[in-house]
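Dock chain B against chain A, hints included.
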Amino acid sequence: DVKVTQSSRYLVKRTGEKVFLECVQDMDHENMFWYRQDPGLGLRLIYFSYDVKMKEKGDIPEGYSVSREKKERFSLILESASTNQTSMYLCASPPGQGFTDTQYFGPGTRLTVL
Amino acid sequence: AQKVTQAQTEISVVEKEDVTLDCVYETRDTTYYLFWYKQPPSGELVFLIRRNSFDEQNEISGRYSWNFQKSTSSFNFTITASQVVDSAVYFCALSEKDSSYKLIFGSGTRLLVRP
Numbered sequence: 115d116v117k118v119t120q121s122s123r124y125l126v127k128r129t130g131e132k133v134f135l136e137c138v139q140d141m142d143h144e145n146m147f148w149y150r151q152d153p154g155l156g157l158r159l160i161y162f163s164y165d166v167k168m169k170e171k172g173d174i175p176e177g178y179s180v181s182r183e184k185k186e187r188f189s190l191i192l193e194s195a196s197t198n199q200t201s202m203y204l205c206a207s208p209p210g211q212g213f214t215d216t217q218y219f220g221p222g223t224r225l226t227v228l
Numbered sequence: 068a069q070k071v072t073q074a075q076t077e078i079s080v081v082e083k084e085d086v087t088l089d090c091v092y093e094t095r096d097t098t099y100y101l102f103w104y105k106q107p108p109s110g111e112l113v114f115l116i117r118r119n120s121f122d123e124q125n126e127i128s129g130r131y132s133w134n135f136q137k138s139t140s141s142f143n144f145t146i147t148a149s150q151v152v153d154s155a156v157y158f159c160a161l162s163e164k165d166s167s168y169k170l171i172f173g174s175g176t177r178l179l180v181r182p
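The listed protein sequences derive, respectively, from chains A and B. FYI, this note's numbering numbers position 114 of the first sequence as 228, with every residue one higher than the one before it. FYI, this note's numbering numbers position 109 of the second sequence as 176, with every residue one higher than the one before it.
Hint data in this document are derived by calculation from the structure and do not stem from the laboratory. Fair warning: this is a prediction, and the values are worked out from it, not measured in the lab. Positions of the beta carbon are idealized from the N, C-alpha and C atoms, including for glycine. Worth double-checking, as some hints may not be accurate.
Unchecked claim - Pairs of lysine-lysine residues, derived as DSS-like cross-links and limited to a Cα-Cα distance of at most 27 Å, are as follows:
1) Lys105(B) / Lys117(A)
2) Lys164(B) / Lys83(B)
3) Lys105(B) / Lys83(B)
4) Lys164(B) / Lys171(A)
5) Lys167(A) / Lys164(B)
Unchecked claim - Over 10 Å on every C-beta distance to chain A, these chain B residues come out as not near it, computed from the model:
6) Thr76
7) Ser79
8) Arg95
9) Lys137
10) Ile146
11) Thr147
12) Phe158
If we strip away everything but chain A, and leave its shape as in the complex, we get:
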């Protein structure tokens, strides 16, 4: 079974804090993705990684950075959290490469920035 886990289901942080969201997959997948979900907007891609230490910007990378030091772990970093980053964050990982693969999602982290 495909298994993607995220470190927290709910997180509350203050404006200006540095925030780390962690995603782990135990299936030796190359690709990992971070999405943000907001009502009425669906899911939007923030960043993705296609190998260790490799990353590419998605559609809305501003205010975020990522880190992939090990194949199984992909971290999303909010350098200085702001209230407009209050959202649901979802990590995903497909088994292979390319557009044919199904992305399997983690349970999500609901982040509130006060």
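Leaving out everything else, chain B in the frame of chain A:
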């Protein structure tokens, strides 16, 4: 530009009714994949189906069925005899050969099935 439109923001039905969720997509690619995901109140996105652009055959899986029509760029999802457990947000998504890593999501349709 690629785009997925789910015009129905919210649908409410009574249990045992049939319901169809609409999905319209735009793409310039001739090779692409379409997906449906379910997001129950727990929050995790659950994969339901994947369909490639060369396979227009309709698919049925239990109470779920999907109608893919390239002529109208639609990939609609029907739940027959809906149940309360079907209550969720449903997302349609598109991936294209020319954007190999990217999944484009619609804005989602919230389905509420009342007992």
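Here's how the hints hold up against the structure:
1. Lys105(B) / Lys117(A): holds (17 Å)
2. Lys164(B) / Lys83(B): violated (39 Å)
3. Lys105(B) / Lys83(B): holds (19 Å)
4. Lys164(B) / Lys171(A): holds (18 Å)
5. Lys167(A) / Lys164(B): holds (24 Å)
6. Thr76: The claim breaks: Thr76(B) does not keep its Cβ more than 10 Å from every Cβ of chain A (closest is about 7 Å).
7. Ser79: Answer for Ser79(B): holds, closest chain A Cβ roughly 17 Å.
8. Arg95: Its Cβ never comes within 10 Å of chain A, the nearest being 14 Å, so this holds.
9. Lys137: The claim holds: Lys137(B) sits with its nearest Cβ about 17 Å from chain A, beyond 10 Å.
10. Ile146: The assertion about Ile146(B) holds, with a minimum of 20 Å to chain A.
11. Thr147: Answer for Thr147(B): holds, closest chain A Cβ roughly 24 Å.
12. Phe158: Not fine: 6 Å to the nearest Cβ puts Phe158(B) too close to chain A.
Hint check: violations occur at hints 2, 6, 12; the rest are consistent with the structure.
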